[in-house]
Amino acid sequence: MLALLKMFIKEYIKDVWGAISSLLKGMKLTGYYFMHHNKEAITEQYPDNRKTLKMADRFRGEVVMPHDENNEHACTGCTACELACPNGTIKIITKMEPTPEGKKKKAIDTFVYRLELCTMCNLCIEACPTDAIKMDQTFEHSVFDRRLLTKKLNKPESKVREGIE
Amino acid sequence: MFEEVASTEQGDLVINIGPQHPATHGVLHLVITLNGETVKKVEPHLGYIHRSIEKMCESLSYRQFIYVTSRMDYLSSHINNHGCAMLVEKALQIEIPSRAQYIRVIMDELTRLASHQLWWGAMAMDIGALTPFFLAFREREMITDIMEETCGARLTMNYMVPGGIMYDIHPDFCKKVKEFIKHFRSKIDEYDELLTGNIIFQNRMKGIGILSKEDAISYGCSGPTARASGVSCDVRKIYPYEIYDQLKFDEVLATEGDSFARYQVRLVEMHQSMNIIEQLIDNIPEGEIQAKTKAVLKLPKGEFYTRIETARGEFGIYIVSEGGTTPYRIKFRSPGFSNLSALDHIVRGHKIGDMVAIMGTLDLVIPDIDR
Amino acid sequence: MTREELQAALTELQSSLTFEEGGEWLNINAPAENFHELALKLRHTSGLYFDYLFCQTCVDWKTHLTMVYHLTSMTHRHNIVVKIKLDRNNPEVTTVCDIWRTAEFHEREVYELFGVNFLNHPDLRKLILPDDWIGYPLRKDYDDPVNMIKL
Amino acid sequence: MAGWASNNKYSLLGAMRSGAQIVSYELSAGLSIITIVILTGSLQVSEIIAAQQTGWWIFKGHIPVLISFVIFIIAVTAETNRAPFDLAEAESELTAGFHTEYSGMKFALFFLAEYVNIFVVCAIGATLFLGGWMPFHIGSWESFNHIMDYIPSSVWFFGKTFFLIFVIMWFRWTFPRLRIDQLLNLEWKYLLPICMFNLILVTLMAIMCWHF
Numbered sequence: 005m006l007a008l009l010k011m012f013i014k015e016y017i018k019d020v021w022g023a024i025s026s027l028l029k030g031m032k033l034t035g036y037y038f039m040h041h042n043k044e045a046i047t048e049q050y051p052d053n054r055k056t057l058k059m060a061d062r063f064r065g066e067v068v069m070p071h072d073e074n075n076e077h078a079c080t081g082c083t084a085c086e087l088a089c090p091n092g093t094i095k096i097i098t099k100m101e102p103t104p105e106g107k108k109k110k111a112i113d114t115f116v117y118r119l120e121l122c123t124m125c126n127l128c129i130e131a132c133p134t135d136a137i138k139m140d141q142t143f144e145h146s147v148f149d150r151r152l153l154t155k156k157l158n159k160p161e162s163k164v165r166e167g168i169e
Numbered sequence: 002m003f004e005e006v007a008s009t010e011q012g013d014l015v016i017n018i019g020p021q022h023p024a025t026h027g028v029l030h031l032v033i034t035l036n037g038e039t040v041k042k043v044e045p046h047l048g049y050i051h052r053s054i055e056k057m058c059e060s061l062s063y064r065q066f067i068y069v070t071s072r073m074d075y076l077s078s079h080i081n082n083h084g085c086a087m088l089v090e091k092a093l094q095i096e097i098p099s100r101a102q103y104i105r106v107i108m109d110e111l112t113r114l115a116s117h118q119l120w121w122g123a124m125a126m127d128i129g130a131l132t133p134f135f136l137a138f139r140e141r142e143m144i145t146d147i148m149e150e151t152c153g154a155r156l157t158m159n160y161m162v163p164g165g166i167m168y169d170i171h172p173d174f175c176k177k178v179k180e181f182i183k184h185f186r187s188k189i190d191e192y193d194e195l196l197t198g199n200i201i202f203q204n205r206m207k208g209i210g211i212l213s214k215e216d217a218i219s220y221g222c223s224g225p226t227a228r229a230s231g232v233s234c235d236v237r238k239i240y241p242y243e244i245y246d247q248l249k250f251d252e253v254l255a256t257e258g259d260s261f262a263r264y265q266v267r268l269v270e271m272h273q274s275m276n277i278i279e280q281l282i283d284n285i286p287e288g289e290i291q292a293k294t295k296a297v298l299k300l301p302k303g304e305f306y307t308r309i310e311t312a313r314g315e316f317g318i319y320i321v322s323e324g325g326t327t328p329y330r331i332k333f334r335s336p337g338f339s340n341l342s343a344l345d346h347i348v349r350g351h352k353i354g355d356m357v358a359i360m361g362t363l364d365l366v367i368p369d370i371d372r
Numbered sequence: 055m056t057r058e059e060l061q062a063a064l065t066e067l068q069s070s071l072t073f074e075e076g077g078e079w080l081n082i083n084a085p086a087e088n089f090h091e092l093a094l095k096l097r098h099t100s101g102l103y104f105d106y107l108f109c110q111t112c113v114d115w116k117t118h119l120t121m122v123y124h125l126t127s128m129t130h131r132h133n134i135v136v137k138i139k140l141d142r143n144n145p146e147v148t149t150v151c152d153i154w155r156t157a158e159f160h161e162r163e164v165y166e167l168f169g170v171n172f173l174n175h176p177d178l179r180k181l182i183l184p185d186d187w188i189g190y191p192l193r194k195d196y197d198d199p200v201n202m203i204k205l
Numbered sequence: 080m081a082g083w084a085s086n087n088k089y090s091l092l093g094a095m096r097s098g099a100q101i102v103s104y105e106l107s108a109g110l111s112i113i114t115i116v117i118l119t120g121s122l123q124v125s126e127i128i129a130a131q132q133t134g135w136w137i138f139k140g141h142i143p144v145l146i147s148f149v150i151f152i153i154a155v156t157a158e159t160n161r162a163p164f165d166l167a168e169a170e171s172e173l174t175a176g177f178h179t180e181y182s183g184m185k186f187a188l189f190f191l192a193e194y195v196n197i198f199v200v201c202a203i204g205a206t207l208f209l210g211g212w213m214p215f216h217i218g219s220w221e222s223f224n225h226i227m228d229y230i231p232s233s234v235w236f237f238g239k240t241f242f243l244i245f246v247i248m249w250f251r252w253t254f255p256r257l258r259i260d261q262l263l264n265l266e267w268k269y270l271l272p273i274c275m276f277n278l279i280l281v282t283l284m285a286i287m288c289w290h291f
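Chains as they are written, first to last, in this note's numbering: chain A, 5 to 169; chain B, 2 to 372; chain C, 55 to 205; chain D, 80 to 291.
Everything labelled a hint here was simulated from the structure, so no lab data went into it.
Errors might be hidden in some of the hints.
[Unchecked claim] The list that follows gives simulated cross-link-like pairs (lysine-lysine, DSSO-like), each with its CA atoms no further than 30 Å apart:
1. A/Lys32 - D/Lys268
2. B/Lys207 - A/Lys29
3. B/Lys91 - A/Lys32
4. B/Lys295 - C/Lys194
5. A/Lys58 - B/Lys207
6. C/Lys137 - C/Lys116
7. D/Lys88 - A/Lys14
[As the list claims (entries may be wrong)] Residues of chain A placed beyond 12 Å of chain D at every Cβ, according to the derived structure:
8. Leu8
9. Lys43
10. Ile46
11. Glu48
12. Pro51
13. Asn91
14. Gly92
15. Lys110
16. Glu120
17. Cys132
18. Lys163
The beta-carbon is built from N, C-alpha and C at its ideal position, and this holds for glycine as well.
In isolation and in its complexed conformation, chain A is listed as follows:
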């Protein structure tokens, strides 16, 4: 009887001690992080670090059409991107433009890009045969008027670069 009681008390104390030590172990860890928060914590001071913040090169923020210094782009208006897009984000309006030889040639009038529909899936860039569009690394897209999200990607007066078919 006494032995049983002794065992019970021993078990009881062991239980209580085990419980407390497991709690203390956790507290030690959080205490360590409290003391070493400068070293271990990863914090992006986001709006304040805009100047130094660099997104990864491949980060997909929005579709842009790069123009070179002569205000020329590489888009032929083949609508491959329009077909590849799952959401109807891209709409290409073409026009007929006279070439120097006097023939008429298809060229883009407006490259409409609706950012609000875009899911940044990169399918249009994959589809583009002339690498005319690419993904930009911007990510702050919020505006007050949703009409601003419908963008025209080709700059006014821009032309197709020579030699791109």
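We have chain A already, so just place chains B, C and D on it with the hints.
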């Protein structure tokens, strides 16, 4: 809804958990009937973020429909995409280059790690511990950085295309992954220290929400939830895809079927995932990353089914093709949907606090359930 | 069990089954009548023992509906696909949720998206859609001029 | 009461939990205070502190006082509804418990009350176990004691109080929440018996004058 209230016994309290509730991790609506603090019945009401992905896919081509699946189970978006790409490859009998296979598997396992880390933090948050959430996110941040660098996005990567992967890995990829594995190996012990050994945590978890093996099979559970009940259902082992049959890893099984078993299965799975990545990361073969495919994919007439092991369980895609460029009917068998159906069964008789803990260990992702 | 063995065993089980050629797994066409009995046999016959219903869905073929059950056996690791042709105007089939409990949710989903009526289902209510929704969205002729965006 | 009044099911559950919790934990908090009262022989706070002039009770009182200190900390954490005993406002279960429906100034008052509560119990703890405004002295280190005496007593008191508050907050980051039945089990099966046993020990100690 009103009939439900009327049909409950007197003295029962009908309480709505969700659609906006911290415990549901999304917009799941649970109508629970309580007797005091004890749960008598749980009734899930779904559809708050149903986007009708199955219907949408019927009008998308076989290249386009892949991106939608990353919006389902957003935590294992990579693996969902992988499953879809695999299905198209299977139907068209495309052999994909081994470099792409290796990269796909590494990415899958990284996604699984990230998903389990997030689960660990969120589950700890469900039972009231705050620090685990931050610890888990700190490590997850490294994975998402790796993903961002290589795939271009942090969560919905859309890195898989039928026939391979979209573009080659970033030059720093291998170095960063190795760094991450080394770092995470040292940090995963902290997970144990902080939570696993904790007496309060153990009391909250052990013997709670027991799902027997028969029930797990009958309810169609899969993934860690079923493996904790002793159901051997790891698709990676049973129906190996890509290069999983050449890899050395164990299927993690537990027999208890309680919350603690589910917890431990996932923790051990993190170790297994790291082992897999370590086996692969130094041996990525050189070569092509994409097999040659036609610009417009047309699946042959017929029915195709692919299964893949996501972080939550078995993800199945069933496509009925009429031979055109778009699927005739597509069905996603999402692991969360089946796992959720077992919730009512295992929660009954437990306290409301346990219900939250059980939901945490089931690891439900609501967009996955709603689709 | 190999495909041929399965086919033989299933024919023995119920002679009215027809089998489809091709496909990854054995495809079975079963009649809608007495489906519950067949399901019970599939679940409990010792050689077959299909205890895991991992996917249950419905396909609208414009002329008829097809219920598709993907079954696997956790012990024998073989899979079959059971298909049941249903009348499109009055689709009715007995529930299997007493055999595979996961079917309860899957059937509710099929009920609201395809309008298939599951007999003896304990709780056949809409799961995803609002209670007052009209129409069956995943049927091919479903048209919703308000919410549908045509691209 | 506030939980009930707001006519919300979460709040009602929170209020019920809070009631059960406060009633049970009041006991062990009270009993652990009584140990000090026994040692001092007075209920007057000034006398309790005066008795600690030669050393704080937590050092003077050997293990029994240490035990009662630990129990006191646990009990007051529970009584002030702080994690891991924050069942009344368990955010993952009851969204916010009894104050789900309150916002603005009412919410502010609730929280003000809660934090004042923490401050008060920690102040009591500092008074009883850590010697109130008495500076930290070590036996015969005269010069060390002298330096300690220069620190104003109010700094000592607030320092001790804030240390206890810090410990309670430390609990909050670290521990997962208990379940309601475990909470009551902990009180009635562990804390109360230990407290009772401890009380006998302390009484014996006080009679035999084993403490310093």
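Hint check:
A threshold of 30 Å between alpha carbons decides the hint, and for A/Lys32 with D/Lys268 the separation of about 27 Å falls inside it, so the pair holds. For the given pair, B/Lys207 sits about 20 Å from A/Lys29 by alpha-carbon distance, which is consistent with the 30 Å threshold. For the given pair, B/Lys91 sits about 52 Å from A/Lys32 by alpha-carbon distance, which is inconsistent with the 30 Å threshold. Using a Cα cut-off of 30 Å, the hinted pair B/Lys295 and C/Lys194 holds, with the two alpha carbons roughly 28 Å apart.
Among the hinted pairs, A/Lys58 with B/Lys207 is inconsistent with the structure: their alpha-carbon atoms are about 46 Å apart, more than 30 Å. For a cut-off of 30 Å, the pair hint linking C/Lys137 to C/Lys116 stands: about 16 Å separates their Cα positions. With a C-alpha separation of about 44 Å, the suggested pair D/Lys88 and A/Lys14 falls outside the 30 Å cut-off, and the hint is violated. Taking the minimum C-beta to C-beta distance to chain D, about 17 Å, the non-interface status of A/Leu8 holds against the 12 Å cut.
The claim that A/Lys43 is not at the interface with chain D holds, since no C-beta of that chain comes within 12 Å of its own (minimum 18 Å). Its beta-carbon lying about 17 Å from the closest one in chain D, A/Ile46 satisfies the requirement of being farther than 12 Å from that chain. Here A/Glu48 stays apart from chain D, with its beta-carbon at least about 21 Å from theirs, past the 12 Å limit. Even its closest Cβ contact with chain D, about 26 Å, leaves A/Pro51 beyond 12 Å, as expected for a residue assigned away from the interface.
Consistency note on A/Asn91: stated as away from chain D, and its beta-carbon is indeed over 12 Å from all of that chain's, at 36 Å minimum. The non-interface label for A/Gly92 is consistent with chain D: the shortest C-beta to C-beta separation is roughly 40 Å, beyond 12 Å. With a least CB separation of 60 Å from chain D, A/Lys110 remains clear of the 12 Å interface cut-off, as annotated. Non-interface call for A/Glu120 relative to chain D: holds, since the shortest CB-CB distance, roughly 33 Å, exceeds 12 Å.
Taking the minimum C-beta to C-beta distance to chain D, about 47 Å, the non-interface status of A/Cys132 holds against the 12 Å cut. Under the 12 Å C-beta cut-off, the non-interface status given to A/Lys163 relative to chain D holds; the minimum distance is some 60 Å.
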